[in-house]
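There are 2 protein chains.
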Amino acid sequence: MQERTELLYLKELGIDTNQEYVIFLRRDCPVCKSEGFIALNRIEVALGENKIIASLNIIENKTILQKGQAGLSQSAWKAVNAKEGDKIRLSHLQPVQSMHDVRSKIYENRLNESAFQRIINDIKNEKYSNIEIASFITACSGDHLNIEEIKSLTKAMIQAGSVIQWNKSVIVDKHCIGGLPGNRTTPIVVSIVAEAGLIIPKTSSRAITSPAGTADTMETVTNVNLDLATMKSVVEQEGGCMAWGGSIGLSPVDDILIRVERALEVDSVGQMIASVLSKKAAAGSTHVVIDIPVGKTAKIRSEEDAEKLKYYFTVVGKSVGLKVKVIISDGSQPIGRGIGPVLEIRDCISVLKNEPDAPRDLKERAILMAGYILEFSNVFKRQNGIQLAKDILESGKAWNKFQAICKAQGGFKDPKPAQFRYDVLSEKAGIISEIDNRRIAKIARLAGAPNSPAAGVYFSAPLGKRVQKDEVIYTIHSESLGELEYSSEYLKTQKNIIAIA
Amino acid sequence: MQERTELLYLKELGIDTNQEYVIFLRRDCPVCKSEGFIALNRIEVALGENKIIASLNIIENKTILQKGQAGLSQSAWKAVNAKEGDKIRLSHLQPVQSMHDVRSKIYENRLNESAFQRIINDIKNEKYSNIEIASFITACSGDHLNIEEIKSLTKAMIQAGSVIQWNKSVIVDKHCIGGLPGNRTTPIVVSIVAEAGLIIPKTSSRAITSPAGTADTMETVTNVNLDLATMKSVVEQEGGCMAWGGSIGLSPVDDILIRVERALEVDSVGQMIASVLSKKAAAGSTHVVIDIPVGKTAKIRSEEDAEKLKYYFTVVGKSVGLKVKVIISDGSQPIGRGIGPVLEIRDCISVLKNEPDAPRDLKERAILMAGYILEFSNVFKRQNGIQLAKDILESGKAWNKFQAICKAQGGFKDPKPAQFRYDVLSEKAGIISEIDNRRIAKIARLAGAPNSPAAGVYFSAPLGKRVQKDEVIYTIHSESLGELEYSSEYLKTQKNIIAIA
Numbered sequence: 001m002q003e004r005t006e007l008l009y010l011k012e013l014g015i016d017t018n019q020e021y022v023i024f025l026r027r028d029c030p031v032c033k034s035e036g037f038i039a040l041n042r043i044e045v046a047l048g049e050n051k052i053i054a055s056l057n058i059i060e061n062k063t064i065l066q067k068g069q070a071g072l073s074q075s076a077w078k079a080v081n082a083k084e085g086d087k088i089r090l091s092h093l094q095p096v097q098s099m100h101d102v103r104s105k106i107y108e109n110r111l112n113e114s115a116f117q118r119i120i121n122d123i124k125n126e127k128y129s130n131i132e133i134a135s136f137i138t139a140c141s142g143d144h145l146n147i148e149e150i151k152s153l154t155k156a157m158i159q160a161g162s163v164i165q166w167n168k169s170v171i172v173d174k175h176c177i178g179g180l181p182g183n184r185t186t187p188i189v190v191s192i193v194a195e196a197g198l199i200i201p202k203t204s205s206r207a208i209t210s211p212a213g214t215a216d217t218m219e220t221v222t223n224v225n226l227d228l229a230t231m232k233s234v235v236e237q238e239g240g241c242m243a244w245g246g247s248i249g250l251s252p253v254d255d256i257l258i259r260v261e262r263a264l265e266v267d268s269v270g271q272m273i274a275s276v277l278s279k280k281a282a283a284g285s286t287h288v289v290i291d292i293p294v295g296k297t298a299k300i301r302s303e304e305d306a307e308k309l310k311y312y313f314t315v316v317g318k319s320v321g322l323k324v325k326v327i328i329s330d331g332s333q334p335i336g337r338g339i340g341p342v343l344e345i346r347d348c349i350s351v352l353k354n355e356p357d358a359p360r361d362l363k364e365r366a367i368l369m370a371g372y373i374l375e376f377s378n379v380f381k382r383q384n385g386i387q388l389a390k391d392i393l394e395s396g397k398a399w400n401k402f403q404a405i406c407k408a409q410g411g412f413k414d415p416k417p418a419q420f421r422y423d424v425l426s427e428k429a430g431i432i433s434e435i436d437n438r439r440i441a442k443i444a445r446l447a448g449a450p451n452s453p454a455a456g457v458y459f460s461a462p463l464g465k466r467v468q469k470d471e472v473i474y475t476i477h478s479e480s481l482g483e484l485e486y487s488s489e490y491l492k493t494q495k496n497i498i499a500i501a
Numbered sequence: 001m002q003e004r005t006e007l008l009y010l011k012e013l014g015i016d017t018n019q020e021y022v023i024f025l026r027r028d029c030p031v032c033k034s035e036g037f038i039a040l041n042r043i044e045v046a047l048g049e050n051k052i053i054a055s056l057n058i059i060e061n062k063t064i065l066q067k068g069q070a071g072l073s074q075s076a077w078k079a080v081n082a083k084e085g086d087k088i089r090l091s092h093l094q095p096v097q098s099m100h101d102v103r104s105k106i107y108e109n110r111l112n113e114s115a116f117q118r119i120i121n122d123i124k125n126e127k128y129s130n131i132e133i134a135s136f137i138t139a140c141s142g143d144h145l146n147i148e149e150i151k152s153l154t155k156a157m158i159q160a161g162s163v164i165q166w167n168k169s170v171i172v173d174k175h176c177i178g179g180l181p182g183n184r185t186t187p188i189v190v191s192i193v194a195e196a197g198l199i200i201p202k203t204s205s206r207a208i209t210s211p212a213g214t215a216d217t218m219e220t221v222t223n224v225n226l227d228l229a230t231m232k233s234v235v236e237q238e239g240g241c242m243a244w245g246g247s248i249g250l251s252p253v254d255d256i257l258i259r260v261e262r263a264l265e266v267d268s269v270g271q272m273i274a275s276v277l278s279k280k281a282a283a284g285s286t287h288v289v290i291d292i293p294v295g296k297t298a299k300i301r302s303e304e305d306a307e308k309l310k311y312y313f314t315v316v317g318k319s320v321g322l323k324v325k326v327i328i329s330d331g332s333q334p335i336g337r338g339i340g341p342v343l344e345i346r347d348c349i350s351v352l353k354n355e356p357d358a359p360r361d362l363k364e365r366a367i368l369m370a371g372y373i374l375e376f377s378n379v380f381k382r383q384n385g386i387q388l389a390k391d392i393l394e395s396g397k398a399w400n401k402f403q404a405i406c407k408a409q410g411g412f413k414d415p416k417p418a419q420f421r422y423d424v425l426s427e428k429a430g431i432i433s434e435i436d437n438r439r440i441a442k443i444a445r446l447a448g449a450p451n452s453p454a455a456g457v458y459f460s461a462p463l464g465k466r467v468q469k470d471e472v473i474y475t476i477h478s479e480s481l482g483e484l485e486y487s488s489e490y491l492k493t494q495k496n497i498i499a500i501a
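From first to last, the protein sequence lines stand for chains A and B. Residues 1 to 501, numbered by our numbering, are exactly what the first sequence covers, in order. Residues 1 to 501, numbered by our numbering, are exactly what the second sequence covers, in order.
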């Protein structure tokens with residue numbers, strides 16, 4: 001055993017397999033032969049005291065790996081703290097015990113809290129391959145988890161991470177379940193709520209399938225890559241922050257699950273609830289307002305589904321000590337005018353600055369969200385929260401607070417607009433009758449958002465608006481001619497993205 | 001769009017990701033940036049007319065890929081018929097339509113035949129990533145498929161491949177669902193049945209989790225990598241063959257599903273039925289005998305589960321025009337004495353040669369299987385099949401037929417035994433009361449089987465045998481000292497692999 005494994009030395013290949021640990025071996029390496037390792041096998045890799053489990057890929061090309069060498073994916077390289085030339089030992093993986101629990105779930109048994117803890121801990125410790133995670137997600141999807149199981153999953157996910165401690169009894173937070181382009185209320189809401197004196201340590205995600213996440217949007221004006229210590233000092237100083245959740249690492253398991261879930265495009269209500277609430281609990285929140293936009297082309301398509309989600313969020317939230325208020329909102333069209341990081345932050349700034357042409361729908365929605373937070377946090381219970389939020393916004397204090405938070409995060413910079421534009425014109429005169437959120441978002445993606453932050457769609461035809469033939473209904477923004485061409489060519493294959501009656 | 005994609009040229013990396021198509025791109029490549037591709041994304045790769053869908057891995061190491069270069073996994077390289085320096089075009093993948101059907105199944109809806117056809121065709125065309133396949137397998141596992149769905153899945157899998165045509169009305173076949181070490185009746189059964197005049201074009205698999213598959217076992221004495229034309233000519237000449245199924249490529253989809261299923265270790269009754277029967281139908285079989293060993297440490301653990309499988313095999317078989325006879329057999333201990341390719345073929349040869357010390361249990365089971373095939377094929381209905389099988393075996397004609405088939409496949413060679421051995425002794429005197437098939441199989445794997453064909457376990461303590469203290473109960477065979485040490489060290493951590501009462 002020794003004689004074989006001492007032969008393997010690490011070579012840095014720099015292959016990023018997106019989180020999943022992969023080990024690269026030559027087909028003719030003695031360990032591979034004697035152990036009967038085949039591609040897709042799971043192998044235990046030990047470097048000194050550090051042990052990980054990795055999936056095997058075989059490298060045939062003899063110039064990439066020399067005899068006696070092995071490679072690791074970037075994530076695995078980091079996990080065992082590897083240096084070029086380090087020795088590793090390989091062994092067959094004992095089956096992951098908690099996959100028994102997953103199999104039990106596949107057979108439609110109910111899982112209890114300790115079963116979910118075993119699974120979540122094994123996922124946290126990177127013992128699951130992507131296909132095992134996909135199997136777990138599938139087994140929990142659809143309506144396969146009941147409310148007790150969702151509670152258990154949420155608790156297990158909270159226990160797998162750490163919880164930020166604040167020395168205040170009320171910590172507020174907000175979350176939108178997404179799916180509605182331009183619905184970027186966070187910069188405004190955080191500014192109002194923090195200005196009102198509440199603590200709102202907001203962490204946000206980057207876009208994965210949408211044209212912009214709140215983190216992408218805020219990144220166009222300030223630094224969002226805060227570590228935990230910086231985030232805490234920003235919040236202690238200003239009462240709020242707008243940081244990228246990934247840099248804080250509040251819920252490592254959730255990050256792993258989401259990666260596979262998005263690739264699968266399998267929605268799981270139970271996992272969504274657990275994901276959102278575990279992150280809020282980990283951030284130390286006590287009161288959370290959740291926005292569920294409902295519309296034909298939003299993420300949630302019916303009032304009934306929204307009510308079910310509302311029930312789950314409220315009851316599961318309570319079981320983990322969170323007070324949750326759910327707002328079911330209109331998801332029939334984009335919010336504001338900009339779709340894409342720079343275009344969205346410009347809408348927010350325009351609202352914060354009380355500019356006369358600021359998008360009114362964005363302003364109203366932000367005031368509503370902020371107002372609910374102020375009211376239900378019980379700190380301002382004798383006042384009208386919505387009026388208070390409106391006053392703070394219109395006084396200009398929210399704009400000052402926004403700039404102060406940006407400054408605390410590393411400084412405020414003006415977002416840079418895109419240089420290339422393409423106007424999309426109405427094909428006929430009439431009234432805007434329906435808007436396909438999904439395809440509007442897709443055009444913004446094709447134009448380059450969020451990787452090209454100034455790219456996206458500037459939307460100028462809300463529902464009910466009367467337009468003339470050849471009037472501009474939206475404008476595509478791009479940072480390069482190629483991307484502009486790419487998105488405008490997509491339009492040629494599409495009909496009725498914006499329907500005119 | 002053109003301007004960006006013309007920049008990518010292929011470089012051969014020689015990375016084998018075991019079937020799944022993977023494309024390797026530099027993080028700084030313009031396509032990666034402008035398209036917002038992230039690792040785990042699925043991308044359409046076009047080389048001339050050839051199009052595939054691949055998962056993205058990002059390569060950070062700038063010496064592996066130069067600017068403007070892209071790499072493909074071995075399978076993807078082959079699929080697009082790539083040459084070093086070929087130009088490729090990349091585009092975002094339109095969502096795979098049939099994943100809607102998979103999602104519908106997750107929501108516990110029933111799928112009809114056309115839904116299964118869409119899924120199976122997309123899997124055949126490599127449109128599914130491993131995690132999507134894992135999701136499909138999970139959604140169909142447990143008891144999630146009813147008998148109608150299993151029929152539909154089986155039909156879809158048959159239609160996705162081609163069916164071998166024979167100009168005979170009766171084509172027989174056998175299959176054992178596996179899980180019982182040493183249960184290697186195929187070489188004997190095929191020899192008897194072909195000698196009796198029936199057509200038995202037997203294809204077998206290689207071991208994945210077991211110490212030996214029939215293909216590995218036959219490979220120790222002859223060539224099993226037959227292409228379809230060679231296989232047909234062997235069968236036309238000798239009435240039977242023993243070929244590796246993988247080289248014939250009868251059921252491409254099944255090979256893909258099995259790969260992920262084994263890695264997941266998720267059993268799916270529905271998929272097992274569809275897998276076995278679609279391969280039999282593709283081989284042109286009309287009559288199939290299926291062996292289901294039942295035992296505490298076999299694959300099927302209860303009589304009840306075996307009866308359910310029997311019902312499924314029979315009814316689904318009928319729906320696709322196969323006459324299926326199921327034998328539920330004793331799976332409480334290994335069959336014969338050898339476990340591992342060479343050790344097993346030596347048992348078979350000993351039975352075929354009618355050597356006085358040939359393992360009687362293997363002989364009896366082979367005669368039973370062959371007898372049933374002879375009887376139920378209706379060709380010998382007036383005779384006692386088991387007596388006929390016994391007569392053929394004991395006359396020496398089966399041994400002649402075995403040699404003739406080997407000769408037709410490329411020649412017979414003597415299997416080479418292992419040079420290293422380790423005797424495991426009884427710890428006390430008593431009667432053998434229980435045998436753990438799984439751990440016996442594991443020891444054989446650790447000793448090197450099936451990659452070292454002579455490695456394995458020679459088993460000498462059947463249930464009920466009275467043994468003395470320090471009597472040899474089994475012997476480990478290895479081709480190297482390292483492997484012998486590896487397997488014997490495992491024993492130190494284990495208790496009661498063979499229980500003595």
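None of these hints come from the bench; they were simulated from the model. Just so it is clear, the structure is predicted and the values come from calculations on it, not from any experiment. Any given hint could be a false lead.
Since the list gives no way to pick out one identical chain from another, each pair is judged satisfied if it fits inside one copy or across any two copies.
[Stated by the list, open to error] Derived pair list, reagent style BS3-like, types lysine-lysine, alpha-carbon separation capped at 27 Å:
id	residue 1	residue 2
1	K318	K87
2	K353	K310
3	K67	K78
4	K428	K465
5	K495	K11
6	K51	K492
7	K495	K83
8	K78	K62
For this structure, which hints from the list above don't hold up? Violated hints (numbers, rising): 1, 2, 5 and 7; every other hint is consistent with the structure.
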